[in-house]
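Q: Sequence:
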Amino acid sequence: MLQTLPDGFTAVIIGAGGGIGQAVLNQLLKSDRPGRVIAVSRQSLEIDDARVESLKADVTTDEGRELLRDKVDGAPTHLLFNAIGLLHDEREAISPEKRLEDLDAGALATLFNVNAITPVLLIQTLVNSLKGRHPAIIASLSARVGSIDDNALGGWYGYRASKAAHNMFLRTAAIELARYNRQAIVLSLHPGTTDTGLSQPFQSRVPEGKLFTPDFVAERLLAVMNDRRAEESGSFWDWAGKPIPF
Numbered sequence: 060m061l062q063t064l065p066d067g068f069t070a071v072i073i074g075a076g077g078g079i080g081q082a083v084l085n086q087l088l089k090s091d092r093p094g095r096v097i098a099v100s101r102q103s104l105e106i107d108d109a110r111v112e113s114l115k116a117d118v119t120t121d122e123g124r125e126l127l128r129d130k131v132d133g134a135p136t137h138l139l140f141n142a143i144g145l146l147h148d149e150r151e152a153i154s155p156e157k158r159l160e161d162l163d164a165g166a167l168a169t170l171f172n173v174n175a176i177t178p179v180l181l182i183q184t185l186v187n188s189l190k191g192r193h194p195a196i197i198a199s200l201s202a203r204v205g206s207i208d209d210n211a212l213g214g215w216y217g218y219r220a221s222k223a224a225h226n227m228f229l230r231t232a233a234i235e236l237a238r239y240n241r242q243a244i245v246l247s248l249h250p251g252t253t254d255t256g257l258s259q260p261f262q263s264r265v266p267e268g269k270l271f272t273p274d275f276v277a278e279r280l281l282a283v284m285n286d287r288r289a290e291e292s293g294s295f296w297d298w299a300g301k302p303i304p305f
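For the sequence shown, the numbering used here gives the first residue as 60, with consecutive numbering after it.
Hints are computed from structural coordinates only; laboratory data are not their basis.
Be careful, since some hints might not be right.
Said to hold, decoys possible - Pairwise CB distance ranges, derived in the manner of DEER restraints: (1) D129 with G191: 17 to 25 Å; (2) R192 with S103: 31 to 39 Å; (3) N85 with P302: 25 to 33 Å; (4) A299 with V186: 24 to 32 Å; (5) G165 with L212: 39 to 47 Å; (6) L270 with R192: 36 to 44 Å.
All values derive from a computational prediction rather than experimental measurement.
Virtual Cβ for every residue (Gly too), placed ideally from N, Cα, C.
Model the full structure from these sequences, guided by the hints.
A: Encoded structure:
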């Protein structure tokens with residue numbers, strides 16, 4: 060597992076209470092290689108493993124990111140995995156737009172904050188822990204619909220555009236981080252359609268065999284991360300290990 064990282068590595072899992080984040084956390088804890096795992100969620104987490112430090116924080120806010128910075132406390136970080144994302148929210152009346160008339164400035168701002176701005180600000184928050192000469196993997200969930208080149212169907216304006224912005228933010232951060240740490244690898248990852256709350260309203264349209272369990276996705280994403288090298292930093296990959304055009 061993540062053979063480029065040293066034994067006893069430090070991992071930070073953002074969204075550890077959600078489907079994919081929790082599954083990645085569980086996969087990591089099956090191995091004896093992680094030494095310190097900071098599990099970040101908006102809800103309190105009770106995890107029976109001495110290596111885990113739970114942090115209740117909303118990292119989409121400045122206050123939440125400050126709590127994260129304090130928790131890491133400048134220690135070298137070897138894995139930063141971000142699993143949070145937003146596609147729909149009934150309370151905020153946010154849902155994928157089908158036409159131009161559906162666009163709403165407030166909904167777009169929320170989608171961009173969660174899907175694009177927060178991921179790059181997480182890197183900013185921990186940049187001093189990612190600098191240095193230690194191996195570091197920074198991976199954040201994107202979506203194939205964020206590929207501009209792959210957009211043949213239209214619709215879903217806010218989600219598509221915020222994920223495209225996510226990819227650009229991470230690509231740009233990768234270029235800068237390479238100056239501070241030659242072993243840093245920054246990745247945008249497409250997990251496929253996963254059986255979580257994010258995809259639940261749309262699962263009836265998913266072809267048979269294409270709705271994945273969180274455990275399967277976690278295993279695949281960790282394998283994809285394991286196969287990447289520093290010269291591939293800033294790239295975009297799917298769960299099967301295939302590159303996705305920007």
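Q: Taking the beta carbons of A299 and V186, is their distance inside 24 to 32 Å?
A: This hint holds: roughly 31 Å between Cβ atoms.
Q: When you take the CB atoms of L270 and R192, is the distance between them in 36 to 44 Å?
A: holds, 42 Å
Q: Is 17 to 25 Å respected by the C-beta to C-beta distance linking D129 and G191?
A: With a Cβ separation near 20 Å, D129 and G191 satisfy 17 to 25 Å, so the hint holds.
Q: State, for the Cβ atoms of R192 and S103, whether the hinted interval 31 to 39 Å holds or is violated.
A: holds, 36 Å
Q: Using the Cβ atoms, figure out if G165 sits within 39 to 47 Å of L212.
A: violated, 25 Å
Q: The hint says 25 to 33 Å between N85 and P302; measuring C-beta to C-beta, is that right?
A: Since N85 and P302 have Cβ atoms about 27 Å apart, the given range 25 to 33 Å holds.
In this structure, only the earlier hint numbered 5 is contradicted, and the remaining ones agree with it.
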